[in-house]
Amino acid sequence: MNNLCMISTYKTYPSYNEEVYLVREFHTKLKYKKYVNVFFLFYIFMLGFWGISTFSTRLYGNIGDVSHNIVPFHTIETYFFNFQHYNFDTWFYNTFGTVLVFIPLGILLPFVCANVRNMTLIVLFSLLVSLTIETIQYVTLLGVFDVDDILLNTFGGILGFLIFTLIIKNIW
Numbered sequence: 004m005n006n007l008c009m010i011s012t013y014k015t016y017p018s019y020n021e022e023v024y025l026v027r028e029f030h031t032k033l034k035y036k037k038y039v040n041v042f043f044l045f046y047i048f049m050l051g052f053w054g055i056s057t058f059s060t061r062l063y064g065n066i067g068d069v070s071h072n073i074v075p076f077h078t079i080e081t082y083f084f085n086f087q088h089y090n091f092d093t094w095f096y097n098t099f100g101t102v103l104v105f106i107p108l109g110i111l112l113p114f115v116c117a118n119v120r121n122m123t124l125i126v127l128f129s130l131l132v133s134l135t136i137e138t139i140q141y142v143t144l145l146g147v148f149d150v151d152d153i154l155l156n157t158f159g160g161i162l163g164f165l166i167f168t169l170i171i172k173n174i175w
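So the sequence shown is residues 4 to 175, counted in the working numbering.
Derived by calculation from the structure, the hints in this document are not laboratory data.
Glycine is no exception: its CB is placed at the ideal position from the N, C-alpha and C atoms.
Be aware that one or more of the hints could be misleading.
As the list claims (entries may be wrong) - Distance ranges between label pairs, derived from CB positions:
{"#": "1", "residue 1": "V41", "residue 2": "I139", "range": "21 to 27 Å"}
{"#": "2", "residue 1": "Y38", "residue 2": "H71", "range": "37 to 43 Å"}
{"#": "3", "residue 1": "E80", "residue 2": "L130", "range": "19 to 25 Å"}
{"#": "4", "residue 1": "S70", "residue 2": "Y35", "range": "43 to 49 Å"}
{"#": "5", "residue 1": "L130", "residue 2": "H71", "range": "15 to 21 Å"}
{"#": "6", "residue 1": "F42", "residue 2": "Y89", "range": "31 to 37 Å"}
{"#": "7", "residue 1": "F83", "residue 2": "L130", "range": "21 to 27 Å"}
{"#": "8", "residue 1": "L103", "residue 2": "T135", "range": "16 to 22 Å"}
{"#": "9", "residue 1": "N173", "residue 2": "P75", "range": "32 to 38 Å"}
{"#": "10", "residue 1": "C116", "residue 2": "H71", "range": "28 to 34 Å"}
{"#": "11", "residue 1": "C116", "residue 2": "I170", "range": "17 to 23 Å"}
{"#": "12", "residue 1": "M122", "residue 2": "D92", "range": "27 to 33 Å"}
{"#": "13", "residue 1": "L169", "residue 2": "L145", "range": "34 to 40 Å"}
{"#": "14", "residue 1": "P75", "residue 2": "Y38", "range": "36 to 42 Å"}
Can you build the whole structure from these sequences, using the hints too?
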C-alpha cells in the first residue's frame, strides 16, 4: 500500500526539474509581457503622433487645397486606377501605409488585453482608434478626414490579428 501511495503521489506532482522549468518559463513570459506592454504604449503614442502631427499634412501639401472624403472607397479607387498620376511615396503611403501602420495594433492588443482576442473586438477597437484619429484631424485641421483611411486602418488591425492568431498565439 505504501508503494502505491508513493507512485500516485510521484505522478501527480511535477519533478524538481519540471518545476524549475515552469517557473523559468513563467518568469520569461512575465518579462516579455512587460516589454510588450511598454512597446504597446510607445506604439499608441507614436500612432497618435503620426495621426495628428504635421507629418500627415506633408503628403497633401496645403490643407486648404484638399477636400475631405466621406465617400467609402473613393480615395482607394482613385489611387488604384490613377496610380500613374502620383509619385510612388504618396501612392504607397495612402494605400498600403495606412494598412501597415495598424498591423501592430492587431498583433499587440491581444497580448496586452487578454480579453480582446476575437475578431469583433479587434475590428471595433481598430475602427474606434482610426475614427478618433480622423476626427481629430478634421477638427484641428492637422490632416484630412478620409473615410477610406478608417477602412484601411481597420483592415490593418484585422491583418495584425490574423498574424497574431496564426503565428504568435501558437508560440506564446
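Results of checking the hints against the structure:
A beta carbon spacing of about 24 Å between V41 and I139 agrees with the range 21 to 27 Å that was offered as a hint. Under the hint 37 to 43 Å, the C-beta atoms of Y38 and H71, about 39 Å apart, fit the expected range. For E80 paired with L130, a C-beta distance near 21 Å keeps the hint of 19 to 25 Å intact. One distance hint, 43 to 49 Å for the beta-carbon pair S70 and Y35, holds here, with the actual separation near 46 Å.
Checking the proposed 15 to 21 Å range against L130 and H71 shows it holds: the Cβ atoms sit about 18 Å from each other. The hint said 31 to 37 Å for the Cβ distance between F42 and Y89, and at roughly 33 Å that hint holds. The hinted range of 21 to 27 Å is satisfied by F83 and L130, whose Cβ atoms lie roughly 22 Å apart. Separated by about 19 Å at the C-beta atoms, L103 and T135 satisfy the suggested range of 16 to 22 Å.
A hinted range of 32 to 38 Å holds for the C-beta pair N173 and P75, which are about 35 Å apart. At roughly 32 Å, the beta-carbon separation of C116 and H71 lies within the given 28 to 34 Å, and the hint holds. For the pair C116 and I170, the supplied restraint of 17 to 23 Å holds, since their beta-carbon distance comes to about 19 Å. Between M122 and D92, the C-beta spacing of about 32 Å keeps the proposed range 27 to 33 Å intact.
Hint check: L169 to L145, Cβ distance near 36 Å, so the stated range 34 to 40 Å holds. At roughly 38 Å, the beta carbons of P75 and Y38 sit within the given window of 36 to 42 Å.
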